[in-house]
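Construct all of the structure, not just a fragment, from the sequences and the given hints.
When we follow this note's numbering, the leftmost residue of the first sequence carries the number 12, and every step to the right adds one.
Simulated from the structure, these hints should not be mistaken for lab results.
Note that this is a predicted model, so its numbers are computed, not measured.
Be aware that a few hints might be false.
Said to hold, decoys possible - Straight line, CA to CA, 25 Å or less: simulated BS3-like cross-link-like pairs of lysine-lysine: (1) Lys380 with Lys284; (2) Lys284 with Lys271; (3) Lys477 with Lys566; (4) Lys16 with Lys508; (5) Lys496 with Lys477; (6) Lys16 with Lys371; (7) Lys496 with Lys566; (8) Lys23 with Lys380; (9) Lys284 with Lys371; (10) Lys23 with Lys449; (11) Lys477 with Lys508; (12) Lys264 with Lys405; (13) Lys271 with Lys371; (14) Lys108 with Lys301; (15) Lys271 with Lys380; (16) Lys271 with Lys405; (17) Lys566 with Lys501; (18) Lys16 with Lys477; (19) Lys501 with Lys16; (20) Lys108 with Lys284; (21) Lys496 with Lys508; (22) Lys501 with Lys559; (23) Lys508 with Lys559; (24) Lys264 with Lys380; (25) Lys559 with Lys477; (26) Lys23 with Lys405; (27) Lys284 with Lys264; (28) Lys496 with Lys559; (29) Lys566 with Lys508.
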Amino acid sequence: MRMSKLHMNTLKEVPNDAVVPSHILLVRADMIRQGASGIYGFMHMGYRSLRKIEQIVREEMDAIGAQEIHVSAISPAELWQESGRWNDYGPELWRIKDRNGRDFCLGATHEEVFTDLIRHDTSSYRQLPFSLYQIQTKYRDEARPRFGLMRSREFVMKDAYSFNADPESLDETYNEMFDAYGVIFRRCGLDFRPVEADTGAIGGSNSHEFTALSEVGESSIVYCDECGYAATDERAECTDDPASDEEMRPLEKVLTPGTKTIEMVADYLGLDKTQTIKALLFQTLDEEMKVNGYVAAFVRGDREVNTIKLVNALGIPEYALEFAEEENMEEACGCVGGFTGPMHLHDCTIVVDSELTGMKNLCAGACEKDHHYINMNYGRDYDGDIVTDIKLLKEGDRCPKCGTPVRGARGIEVGQVFKLGTKYSESMHAVYKDEHQKEHLIWMGSYGIGVSRTLAAVVEQHHDDKGIIWPVAVAPYEAIITIVKNRDEKQTELAEKIYQELLSEGVEVLLDDRNERPGVKFNDAELLGIPVAITVGRGAAEDIVEYKLRRESEKEEIPADEAVRRAAELINRERDGRFNLGEK
RNA sequence: CGGGGUGUGGCGCAGAUGGUAGCGCGCUGUGUCGGGGACGCAGAGGCCCGGAGUUCAAGUCUCCGCACUCCGACCA
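Next up, the structure:
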């Protein structure tokens, strides 16, 4: 590609609405452009990189025998009603009507569509197992799109679905997918961790998230260096502290004026936070998003409530739980803001973290202004409607597998795999017959990769203050030839020669033949992040060029032939990203 | 959804106390340049987000919308 013909307009200044590096750089390099909040289009450079990621995904899916298809991004409401997700998915599902008023939605994910697709023509165990996938634009009407491609309302996703005869077969496919995901993200040059995850709105029994490590990521994970355990913080089980063997002391109500927070109470009474009970008040919503109940959740004062565990314990979808409107709940349930405890509450579901049942003589709100109880004990003084683990695991807490303190990290969720089990085959009646004519539900798995988000994750992990540093495997172009002085025929001729030679070597190469000053060209080459840069300048008469890799700081003056040879060699070695597979 | 911020040429911004718009970048032409976002000269380009008010007069003041964005909630 001759850059004089390229339609591209790089930006010198940081766009005013971009805050994270991937967003800033992708916009500045004119790889993406915003259409509306959370809606982006891809310009030539960005689209090339996107397609490279797609291609890596495609190759690895094909390698494990998954078959690529392509269905519509629009699906009829009936399918979603059949599975129950027309309601369960919540406002994030982007609903549209046709001219006759018939309901549709833009596909947020395609479990229903794929299940429907195969249920009519899958009748025998002999047809199983198989997997289908597509690479397609997905739509989720996010409450808060942000950070460019990181969380957008329209995004490119690879979604795969497996159809298996039994749980063992599903396990096998799941493991193949899991391994393929590792290969895909390594080939893209990402530093990532697979972690145990919650199944969320997709459902199912078992799930792993692939998290690309990044400070600006929205996922929070914990992992154990000792035993290798890794999970999203919301998913991670917590180990309860051992039960106390203290004697139960008599319950006592004490005056604690103005102590609305755990810190204040603990200070005022001279207690450790572990001797207090923290209350969090929620309200639950029905399908019309109207309040239909209240929940009081209790954890030890030093802990945080994990709302994912809480909704799972309550058996409600995530969107149906939110913090309570305090006054309303006080009126309905008898709690008192800042002084709520597990006693004297009524008309609400009381959820008690399992750890509290073993703790003795704790301090909790008395549901009366400026008063707390001390020496409160589970079983004697209060009970819970639900008693289970609702704590958030934090850095430094004990690993649920081996007890070593875990570490925390942030990351970008670039992929997630689910064992769906029979959730969809049951609601949508997808069955097969075994060799004895007996009907069984099909076991399913679902496997997603956020392709456009992966692009953002690569940039997050590969950039410097000058711009992007693409790994060769996902670079829009692999090499760039910069002509320092366009008017110098020696330079243009040599650059042209190198250009042709690289093309004939199969290298994807940009020739910067624009009538610009060298500074502009160098800056663009670095902003765009092209892995190999060959500069044709004052040495042109002697056939000497400058050879530099974007990811390294040293430049070398070498003969043009050698530059071509070295560029082609490096690019051919790194082009498919497989050289990364040996790393770990 | 709650709380904040911002909407002014393509982009980034400035426009006290109301008087009909300016700067930098970019763009067009031209000349001098040519190894790190050059300089000179000459230009083009704006219903100041929308609507309704107040006023002799509104980018500026008042309401009401809308959009984008940040923090949180939500989502994954």
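To see whether the hints hold, each was checked on the structure:
no.: 1; hint: Lys380 with Lys284; result: holds, 20 Å
no.: 2; hint: Lys284 with Lys271; result: holds, 14 Å
no.: 3; hint: Lys477 with Lys566; result: holds, 16 Å
no.: 4; hint: Lys16 with Lys508; result: holds, 18 Å
no.: 5; hint: Lys496 with Lys477; result: holds, 22 Å
no.: 6; hint: Lys16 with Lys371; result: violated, 76 Å
no.: 7; hint: Lys496 with Lys566; result: holds, 19 Å
no.: 8; hint: Lys23 with Lys380; result: violated, 58 Å
no.: 9; hint: Lys284 with Lys371; result: holds, 13 Å
no.: 10; hint: Lys23 with Lys449; result: violated, 67 Å
no.: 11; hint: Lys477 with Lys508; result: violated, 29 Å
no.: 12; hint: Lys264 with Lys405; result: violated, 32 Å
no.: 13; hint: Lys271 with Lys371; result: holds, 22 Å
no.: 14; hint: Lys108 with Lys301; result: holds, 24 Å
no.: 15; hint: Lys271 with Lys380; result: holds, 9 Å
no.: 16; hint: Lys271 with Lys405; result: holds, 24 Å
no.: 17; hint: Lys566 with Lys501; result: holds, 21 Å
no.: 18; hint: Lys16 with Lys477; result: holds, 24 Å
no.: 19; hint: Lys501 with Lys16; result: holds, 22 Å
no.: 20; hint: Lys108 with Lys284; result: violated, 53 Å
no.: 21; hint: Lys496 with Lys508; result: holds, 16 Å
no.: 22; hint: Lys501 with Lys559; result: holds, 21 Å
no.: 23; hint: Lys508 with Lys559; result: holds, 18 Å
no.: 24; hint: Lys264 with Lys380; result: holds, 12 Å
no.: 25; hint: Lys559 with Lys477; result: holds, 15 Å
no.: 26; hint: Lys23 with Lys405; result: violated, 41 Å
no.: 27; hint: Lys284 with Lys264; result: holds, 18 Å
no.: 28; hint: Lys496 with Lys559; result: holds, 18 Å
no.: 29; hint: Lys566 with Lys508; result: holds, 21 Å
Of the numbered hints stated above, those contradicted by the structure are hints 6, 8, 10, 11, 12, 20, 26, listed in ascending order.
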